[in-house]
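K.L.:
Chains U and Y are the protein sequences, given in the same order. Numbering of the first sequence is given in the UniProt record's numbering, commencing with residue 1 and proceeding in unit increments. Numbering of the second sequence is given in the UniProt record's numbering, commencing with residue 1 and proceeding in unit increments.
Read the hints as simulated data drawn from the structure, not as lab findings. Backbone N, C-alpha and C fix where the C-beta goes; we use that ideal spot for every residue, glycine too.
Some, not all, of what chain U presents toward chain Y, calculated at C-beta under 8 Å:
id	residue
1	125
2	225
3	354
4	368
5	374
6	381
A few chain Y positions that, by computed beta-carbon distances, are all more than 12 Å from chain U:
id	residue
7	29
8	35
9	174
10	175
11	176
12	303
13	307
14	313
15	314
16	415
17	425
18	436
Once the Cα atoms are required to be at most 20 Å apart in a straight line, the calculated EDC-like pairs of lysine to aspartate or glutamate come out as:
id	chain 1	residue 1	chain 2	residue 2
19	Y	425	Y	277
20	U	174	U	159
21	U	174	U	102
22	U	13	U	434
23	Y	313	U	128
24	U	313	Y	128
2 protein chains.
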Amino acid sequence: MSSTTLPPSGEQKAIRWYPPSYDIRVETIPIPKIQHPDDAIVKVTFAALCGSDLHIYRGHGGVNKDHTCGHEFIGEVAALGHSYGGDNTGRPSLYSSLKIGDKVVSPFTVNCGECHACRLGYTGRCPEGFLFGSPALEGGQAQYVRVPKAGGTLFNLSDPSTWSSNLSSEGKEKALATLSDSSLLMLADILPTGVFAALQAINHPKVAPIITGKPWPLCFSQNAPSSNQVGLTDEDRILTVAVIGLGPVGICATVSMLDLLSTRQIPYKFVAVDPLESRREKVTAVYKTIDAAGKGNGEFAACSTDEAKDKVKEWTGDVGCTAVLEVVGNTSALTLAYDLVRAFGVIVSVGVHGEPPLPLTGRQVYNKNVSFDFGRCPARAMFPPAFDLLVKRQDVFGGIGQPASLVDQVVDFSQAAEIYRAFDKGEVGKVIFDPWQAQA
Amino acid sequence: MSSTTLPPSGEQKAIRWYPPSYDIRVETIPIPKIQHPDDAIVKVTFAALCGSDLHIYRGHGGVNKDHTCGHEFIGEVAALGHSYGGDNTGRPSLYSSLKIGDKVVSPFTVNCGECHACRLGYTGRCPEGFLFGSPALEGGQAQYVRVPKAGGTLFNLSDPSTWSSNLSSEGKEKALATLSDSSLLMLADILPTGVFAALQAINHPKVAPIITGKPWPLCFSQNAPSSNQVGLTDEDRILTVAVIGLGPVGICATVSMLDLLSTRQIPYKFVAVDPLESRREKVTAVYKTIDAAGKGNGEFAACSTDEAKDKVKEWTGDVGCTAVLEVVGNTSALTLAYDLVRAFGVIVSVGVHGEPPLPLTGRQVYNKNVSFDFGRCPARAMFPPAFDLLVKRQDVFGGIGQPASLVDQVVDFSQAAEIYRAFDKGEVGKVIFDPWQAQA
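Could you put together the complete structure from these sequences and hints?
P.N.:
Structure representation (structure tokens):
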């Protein structure tokens, strides 16, 4: 009803995957159409390649239907279904306010924004949720993409009044005027996922004694410690953190955690772990950028897997890390997380795990009093704090191809198959596709 | 130095276990002696039989050394090592104040009270900790027991100034004047363990949206929800809880959780699960006692394992329970917990788990965004809130052998072998041994 231009029609270019594995083709396919009144069609400005795209790429998970790839995209609204612009009282405000031409970024999954799960902020498990770039829903590595439940799903960058923030209205508008699309695209998945990992850790009850300075369970009450309790030392209040996996999400988790530690002035020791030297160099450059003046309230080390155990031993003796962020999603990463975590520590796992059983016995987890937080980021719910962090850390998220920048390069679709191959091998970092760039 | 009476010497009666399994004998053995300046000898008033005693009883865990059983005991100080009564500045206050004749209860493990783990309140994983009633440390089902690191370990019921409480000094003293020893004995393990389970659940970040009424992650910030967020309904804010396993610890976890829900006026639906009808009757009687006026802020059902899934389905549709307390400690209980928990729910497992691998795949825990808290209660740290709950719920913890009372019976040592057998078969509930009662 509010459509002020004709919906797009005709054909478009898209990056598509074919079963069984490793088969990426750039094809010309029809531009998607509105199928439901809640749909939007988004004209894609940029789409990114994500580590979790590799699950399907490699043929894991039993997918056997070809489809358009990709779940990270930013663009502008090109068409809207009939739900938009009328009386939508009680629905998410975008059903009333979203307009053709608005700049939007989408989380990697659809969420209705209206059900019990969405109302609680658990948008990543909305029963109406589908993953973009899967057999259930065509992805965003295309010139156009259909977004179901767009009023609940999309994040409207053209209307800063529609989201909560630590920034003022002026702060948000000023930031939006300078943020690049390649930077804003990080909101689609990896930055909210990193923030999700860090927020779960810092808010976990097992971490509370270190942050509050009061022992368990007094950390949850107003009561003063008793005369029989020995007070925490400064050393006790150092939060030891490990991040396992320094791909793009691992970098985001590291930046988010360091930001929380710095903002709250929590003393820390931080070990960032990855077998790839190139990734350790990246995280080191990122850390140096963040701690530019060398005045940080903690210590930082980038380590290989073997080095990590020695470093944690050096820093904590036989204790281990209070919080371990596992950003890989396989059993060896989980096993390492268990080895590094302290008794009464927490492992936050945001990696996408597959069929293998959890690699731990009941006795192991009992004996170490381990806590775990597993699962997918509720990306739509995490957009506001992720946006604030994006603005704050443009030294990491703003550039392209610099030592401390998260994004390595922007390429056209013709390089899709080669980029998938190189990304799968760890030869490139975060890559963005420009669907409109002249094909090489 | 502060000893005012001669330390006890000579012989005593003790309940002892012999390998490989099911072999319980009452024997006459020497009264233990002070071995270290930090030791105390406690004259045992009552000792209880605990579900976790059954692990060794059944021959699980590869124990092959006979020893005195039991890790739950209350008594009075009969002898103290040389550490006590001098200048103990900087140590737990009991090293200065503990006296011969003081009434004390011990947690089921030793903890020094002075190390990093103890300072954080993680007393259950003190590196100097040993489990009473194990090959490493003689147990409390005896007339006398040696308590290492007693100044860090013991809870001094004769000196209420040594612990933090929601009660005033007068409130504590008034309570102590009326509490029976059989009731106070519940502090040794099962009541703090139940409180630990409940506190972990209620303070978990996954539960925060329901309690605060603000969606994730706004529940951690001061920011107001945005215009694109649909507010939580009253229905959304009902906390659904399952407790799996209604032995004594399960009853304590239920009472503690219900108390938190009632105190904070959190609407709830609560399913208590056990295959044994006698245990379901017990928990139902307990619930009726607690909700005597029928004015509770929730609904309660005691269910068999099969009924539990139907009840949760009836109450939550396809959602599931937000918090599941697993108080059994085997793979089938963990599997049921997974089946009952919602996406973005938390499973708090205080059951003692053994060698079997965790019965879940990485995909299962990722797909449901499950959180887990595993492990042993830091009982010493949990004494203060457990004491407060004990005082508040004397209708459950005060009686013996009543429908709603936790303790079934008090017996003499001569019945030890038969009581172990009956307890192992689920034929009796919580049993207390009186080491001084005339042998039948």
